[in-house]
Structures are given as C-alpha cells and as structure tokens.
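Go ahead and model the full structure; you've got the sequences and the hints to work with.
Same order as they appear, the protein sequences are chains A and B. Using our numbering, the letters of the first sequence map in sequence onto residues 1 to 491. Using our numbering, the letters of the second sequence map in sequence onto residues 1 to 499.
You may find that some hints are simply not true.
What the hints assert, rightly or not - Not close to chain B: a few residues of chain A, all C-beta gaps over 12 Å, as computed:
#1 G25
#2 A48
#3 H61
#4 F164
#5 I438
Claimed, not checked - Listed below are several chain A residues computed to face chain B (Cβ distance under 7 Å; list not exhaustive):
#6 H256
#7 I377
#8 L419
#9 A474
The hints are simulated quantities; they were obtained by calculation from the structure and are not laboratory data. No experiment lies behind these values; they were computed from the predicted model shown. Built from N, CA and C at the ideal position, the CB exists for glycine as well.
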Amino acid sequence: MTNILFSLAPESILTITALLVLGLGVSVPNSRSLITSAALLGGLIAAAAILLFPMDANLLHGMVVINPLARIFKLVILGLSLVSVVFASESFPKNHFAESLALILFSTIGMMVLVGTEDLLMIFLALELTSIPLYILAAFDKESSGSAEAGLKYFLIGSVSSAFLLYGLSLIYGVTGSTNLLTISQLSGSPDSLLIAGIVLTLAGFGFKIAAVPFQIWAPDVYAGAPTAAAALIASGSKVAGIFILARILTTGLGHWAGAAGWGQFEPGWAPVLALMAAASIVLGNVTALVQSNVKRLLAYSAIAHGGYLLLGLCSANRESLTAVLFYVVIYALTTAGAFGVVAIVEKQRGGSRLEDFDGLSKSSPVLALCLLVFFISLAGIPPLAGFFGKFYLFTSALANGQHLWLVIVAIAMNAVSLYYYLIVLKHAFVLPAPDDIRPANAPASKILVAALALAVLALGLAPDLLLKPISVAGKTPPHIATSTVPPNDQ
Amino acid sequence: MILTATFLSAFAGAALILLLPERQAPLARWIALLTALTGLGFASAAFVGYDNTPAAPHFQYLTRIPWVPSLGISFSTGADGISLVMLVLTGIIAVTGVLFSWNVSHRSRAFFAFYLTIIGGVYGVFQSFDLFLLFVFYEIVIVPKYFLIAAWGSTNRQYGAMKLTMYSVAGSALVLLALIATYAASGAHSFDLFTLADPAKVHFAPAFQAWAFPVMFIGFAVLAGMWPLHTWAPTGHVAAPTAVSMLLAGVVMKLGSYSALRVAMTLFPQGLEQWRMVIAVLATAGIVFGALVALAQKDLKFTVGYSSIAHMGFVLLGLMTLNLAGLGGSVLQMFSHGIIGGLLFAVVGRMIYDRTHTRDIAELGRMNLTKALPFAALTFTIASVASMGLPGFSGFIAEFTILSGSWKAFPWLLIPAGVGVVITVAFTLRALQQVFFPSGEPSADVHPFDPITFPEKLGALMLIAATLFIGLFPSVLLDPILRSFHSPLMQKLLVEVPK
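In structure tokens form, the structure reads like this:
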C-alpha cells in the first residue's frame, strides 16, 4: 500500500494542487497571480518528487510501472503542462480562471499515469482522464463561437475514437486473455483475424488521438478555435503522452505482429498500417498547410505532418528508431509549445492569429520575432536547431534496417516543401511593414518562457546529447521499451 | 583553431550586431567590416601558414571533437589547398560585400546579422570533414538568404527570394537523402569523410553508387547552377541586394561545386564513372545556354546573372575531366569567377543601379555613363575584360586549363565549349559597348549622379587586384590546389595517375 502511495506521489501531489486551486478559485476568484503561483508551486513540488525520490516499481501486475524512461517522460509532460499554465495565466478568459488551471492539472495527471503503466485498462482510463479535461478546455472561451465549435468537435470525435480504442483493446484482451502488455507479448504465433481487427481498431483510436490521416479531421478546427494555451497543451503534452503509449503498446505488447512495410513487401501486421498512415499524414499535412491563412490552423496541419514523421519512426521498431521517436516527440513538443506561446502573445497584441496579424513583428517586438524564427525554422528541420537533428536522427534510424527507403523519401521531399509555409509566416513577421495600431502586450511571464523555450531548442540542436543520452540510456533498461521481441525483418 | 576562428568570428559578429541597441544601429556596418576583416585575416593566415613542402601532410589544421558519439558524428574540421583557396575567396568577398553595402541604412542591424550568418556558414562548409557538420553549415546558409533578398532586394524580390530558397532546399533534400542512405549503406557508423571515402574501410556497392552519386551530386549541383536546374540563379541574383548578389555568385554557388567535388565525387568514384558523360554534357549545355541567353537580355543584371551560369558550367566541366589540369582549373575557376562575378554584380548593382535606378541596357546607354560615372565605366570595363578571359586576368588561366583538361577527356565537347567562349566574349562586349560606349552621338548633358564613394572604390580595387594578381601569378593558388589532388582522399579521382 505504501508502495503505491510512494510511486504515485507526483500524481497525488498534482491532485491535491488541483483541488487546492479549485478551492482558491472559490475563495479568492480574482487573484489570478495567487492561483497561478499555487498551480506552479504544486507542479514544481511534483517535479521535485520525481527527481529526488527516483524509484523503480512494478505494482499490481503492471498497472503502475515506474522506470527511468517513465520518469523522464513524466518530467517532460509536467514541464509542458506548466508551460501551458503560464500561457493560460496571461491569456485565458477572466471567468472561471481557477477551474481552467485545475483542468490543465487534471489532464496532466492523466498523461503522467499514461506513461507509467503497462496495462490496457489503465491505459484506457488514463487516456480518458487526459482527454475529458481537454474537451472542456477547448470550449473554455465562452465568448467565442470558434471555441464552442472546437470543444464540441473535439468531444464528439474524441468520444468516437475512445469507443474505437475500447473496442480494439477489448478484442486484444479477448484473444490474448490478458490486459498486461508483457503477458500479451509472450504469446506468439500468427495473428488470427480477431486480433488483427483489434490491432487495427486500436490504431484507429490512437490515430484520432494523435491526429494522423485519415483521422485528422478535428485537428485544424480545434487548434484554431480552442484558447491558445489549451491548444498548446493539446499539441504538446498530450501528443508526447499519446506517442509514448502508442510506442509502448506496439513494441512491448504487440511486437510479434509488426509485419513489414517495405516497398512492395508488405506483410500483415501493424507496421504497414502505420506506414500508410504516416505517408498520408506527411503528404496531406504539409500540402494542406501551404494554403492556410491562419497561423493556428497552419500549426495544426504542421502537427498532422509531424505526427506522420513520428509514426514513420515507429514503423521501424528498432531500438534506435524508438529512441529517435521519443527524442523527436519531446523536441517537437517544446518547439510547438513555444510557437503557440508566440501566437498567444501576438493574439493579445493584435487580436487575432491570421497571417496579417504577424506583419512587422520583428519591428514591434524583435525578441518575440526572433523566437518565432527559431521555432519555425526548427519545425522546418533547418540546422542548427533541435528540429533538424531530431528529423535527421529519425530518418537515419528508420533507414537502419533498409526497408523504409520509400517512406524516408516521401518524408524528406515533403519536409523540403514545408519550409515554404513556415517562410510565409516569417515573411509576414520579418519582411512586411508593421501596422500602426499595436497595443503592447502585457504578458511578461509568457515572453520569458517563450525565450527560454527558444534557447532550449537552440541548445538541444547544438548539443542533442543533453536529451538523447538520458533517453537512450533509460530506454535500455529492459524490458519496458524492449524491442528484442520484434523479429528481424529480413528482406 | 585558426580555421574554426573564421566561422566563430562571423557568428560572434552576427550575435554582437543583434545585441546592439537601436540607437547604435550605425555601428552595425563597422562591426560587420571588422568581423569580415578578421575572417579574411584568419583565412589568409591559414593560407600562408599552410605547409606546402612535399613531406608535409595534405590535410592540416585538423580539429576533431566528438559531438554526438552515438551516431558517429564529430566536429571535424581541417583544410587542404582546395579548402584554403575557397576560404580566402570567402574572406575577400565578405569584406568587399560589406564595403559595397556601406549605404544600407534601412534595418541595418538585421541586414548585417543575416549577412554574417551566411558568411559563417560558408566558412564552415569549406573546412568541414564530417558530413553531418558540412550539411549543418550548408543549410545554415539557406534561410538568411531568403530574408536578405525578400526584405532588402529589388525587382520582384519576394518571388525571387522564395524561388531561390525552394530550389536550395530541394537540392538540400536530395543531399540529405543521399547522406542518410550513405550512412546506412556504409555500416561504418560514422559521418567522417576520411573514413567513408577510404576504400580500405568502407565499400559501397556499385548498384548503390549508381543511384546515390547522381542524387547527391545533383543535390549539390542545384546550388552550383547546373543547367537545367539553374533558373533560380538569374532570378535570385537580380532580386538580391548588391552584397547578396556578390555572395551568391561569389561564394554560395561555389558551395555547390565544392561539396560536389569534396563529398559526392570522393565518396562514389564508380558512380561518378557511370554518370560522368551525362554531367559533362549538362555542364557544356550550361556554358552554351547561359552565354546565349545572356546575349539576349535587355536587363544588365540578368546578363551578368546568366554569365554566372556559363562560368559555373566551366567549373562543372572541369570537375568531370578527372585529370589534374581540369580539376585544378575547375577549383581555380571557382576562385576566379567568385572574384570577377562579385565585381560585376558590385558594379551593376551598387555603382550603376543604386544611382540610375534602371538596369535596362538601352536606357543606360542614353545616360552617357562614361562621363557621369567614369570610375564605374572603368571598373566595368576591367571586369568585362577579365570575364571574357583575357590573358593577364585569373579567368584566362582558369578557363584555359579547364579547356586543356577537357581536350584530353572529352575532345568532342571542346567544340561547343569553345563556341560558348566565343559567345561569352560576344555578350560581354555587347553589354559593355551598349551601356558605356553606345553608337551615335553621346548626349551632351551629364546626369548629376552621386559620385562613387570611397568604400566602393576600395572594394572594387581589392577585387581587381585579386583577379590581376592571380592572373599574373596563378601558381600561388595552383600549387596548393594541384598538390591537394594527390592526397589519399582526392587522388582516386584522377583517371590517369601522374608519376
């Protein structure tokens, strides 16, 4: 019992913090800074708990699994959600402010539980705990019809995807007789049709969650309509948790049934499904982003494309490529969170996030414009920023077993295309003249945070080992992200 | 250390300029000038300090620091004669580029910061011997180019900037693909060029070389302006502000040809053998086509832009000869065209266009420029003569050695290449005559243009001195260049190994 309490200490601390924030919202509803500080303090204590008392645990037959990799990702998720808390504190509507922060924290708890479990049931519960607060957050701006639409769309499509996922997971349980990923992985033999149906339904469910084609339909409206701080969390933290757990299910649980996705050498399994989803996401995301006139929608399509790059890495399912996926998803989350931060500040200055609202940003707020440059150039995969190394490593490791050349060709070609739309935004910021009526934005904390994120993206580009080494060392601790179960795919 | 100081100082200068407060903005150009001079100083010191004696190692100033050990990436720099010649060229163009942008006052901090970032990237490419590092520097150059052209350029600048950037990034995508495939195929777990290009350590299957070589070579050659992927160059050159045209023609295009030689050709000699004829024909087509199109231009800057395509065609042709004369001439031509192309763009963009606000050849002819801007007329005449390949200037010795190399390798290509030389003379003379010495009565009234400023004169004199000096003493560059082709890395390129 005490073991469980200790292993879930960070989550417990966050729960108490969230309840405290709700209480503060009732007693001192107008003191935004006090409420924000309480939320941040709770988050920092939770982070300290992870850092100061590292312990490995595997409790209740894999329901709670704490290992070095899970700890790293809990920290990353915690950090990203605190970033959204700061953005929210300076851009969220006044009414029910405390509730919005509490929702961010509740969703964070879900994500943290998600990365610390190996049980299908817990995975589903944690995903719901992650998603439901996000649905509410997406609809939180009551004065904007876009936000209401975003919330409704996100909720409806998210619920359908949960249904798919639950159906898929129950089929997997039905065939294998266990909800524990390690137990499932010990079964082998050729998959029967029920298991294949289960795998495909599970992939469809996750496809919705991480906005991969053909399940991407909700993303642009939600990213554009939701309050920007909420969109930042949806794009960063929830993506990290989603990719992490998808990697764990596929490689730890279903490693035997990967199949093969080489050009002209498809073998049934999850790898070919994933490969097609990846290629379609990369192409559709990048091509559709070319014609966007709203930066948040553009970021949504860029998110779809980046989901594709990550799925590409998952297809290969060797240790290198898993490390690359986990590395890149963190980099992507940091970058996109920063980009949303810039958008939030610009919205505050100019009242919108259309391309025209970025005109002359380098004149009106040079540092902010420079940060935007760093984030977008990193998303476009240009060195020396972290996004370049992330993609480089991802593609290199995907080619390591030599069969995904076709996917890498698609990805590299489309990545070149992506520079076009990022440059269009940067053109508005750096080349076009500024309008005259600009209100100075009062968002000091967001500005500092955005600058810190930009520095982090630059630093991780120059010294990727800072993050790569911990992930790759932690990933080697068997058997949690073990790839040895994947049979070598000889051509 | 002296080598890495070249790009470190450039990046440091860029950062320093970004940190300048707004009221100190006029200092930006001084910082840029000092940074560029520092870079030139380091590059020249490295060139002078390079030990040319037969016993000395081919690659000197080597630095090697592990960077991402799990991928076999290290920070590995060094130089042979080829690198050093390109580094010195970069230094000269960097300094003169600042001199010719002395009048930039609109957002000068951003201008010079982007400018120095490009310079730093270029210095980096010319000394990298780790392919990952080389690619990082290669890509750093891309984005600042876009902003410099789109924000400070002239004719159709946003279109030209985007076209140029998308061509560059498409070329880089090809290079990236080939690079990753090379890493996977080598199995050496290294990006070190010395390891990958050593046939004793790494063997690339002929089938792999047959596709990896053209992908990588063409990826680099896009930047070198190889026909028919050259169309970004004239549009981009014309749209760019003067200093950026100088950079593009002077050094950025050379990034492509240098990397094609240094990386694609040394890694895949068998692939090269298969594709050599195709590329030689494309290069010759570039010479003839570039010269013909230049002949038909009405815009003076377009004439110079297309002449770059023709001159870069010589570089690529020289590379494909695979003999000492052709390869050495090719590297010399990179240097020579860097200087002469830079000078031509400086005259056309800064001395003429900034004052007359037109580049229409006929219109310029009516302005009596020989009287109005005598220094510009003199400089343009000298540059034209050098560009035509008159003995005494660097262009002559470079193109002559390339042609003599091609005579041995592809005698049948010498006819079209020779025709290209003749057309080059024709379009250069045509532009010179129609702009400065038009037929008919010169109009008596002399336009009151601003006189040529001191920084412009200084820059022009530097470039003229460089081309003359190399024209008269080519061995200063040719000796270290030719020596470098005997290094273990480059020697296997030579089809007929000299004794």
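Item checked: Hint status (Cβ of L419 of chain A to nearest Cβ of chain B, threshold 7 Å) -> holds (5 Å)
Notebook entry, point to check: Does the claim that G25 of chain A lies off the interface hold, with its Cβ farther than 12 Å from every Cβ of chain B?
Noted result: Given that every Cβ of chain B is farther than 12 Å from that of G25 of chain A, nearest at about 42 Å, it holds.
Checklist line | F164 of chain A and chain B, when compared Cβ to Cβ, separated by more than 12 Å | finding: Correct as stated: the minimum Cβ-Cβ distance to chain B is 35 Å, above 12 Å.
Next item on the list: Please settle this one: I438 of chain A was flagged as non-interface, so is its CB more than 12 Å from every CB on chain B?
Entry: holds (17 Å)
Item checked: A48 of chain A non-interfacial with respect to chain B [C-beta, more than 12 Å] -> Check passes; 29 Å lies beyond 12 Å.
Next item on the list: Using Cβ atoms only, decide whether A474 of chain A comes closer than 7 Å to chain B, and label the hint accordingly.
Entry: violated (14 Å)
Next item on the list: Test the statement that H61 of chain A is away from the interface with chain B: the closest C-beta pair must be farther apart than 12 Å.
Entry: holds (34 Å)
Next item on the list: Could you check if H256 of chain A really has its C-beta closer than 7 Å to a C-beta on chain B?
Entry: violated (25 Å)
Note to self: Using the nearest Cβ pair, does I377 of chain A come within less than 7 Å of chain B?
What the structure shows: holds (6 Å)
Checked against the numbered hints given earlier, this structure breaks hints 6 and 9; the rest are met.
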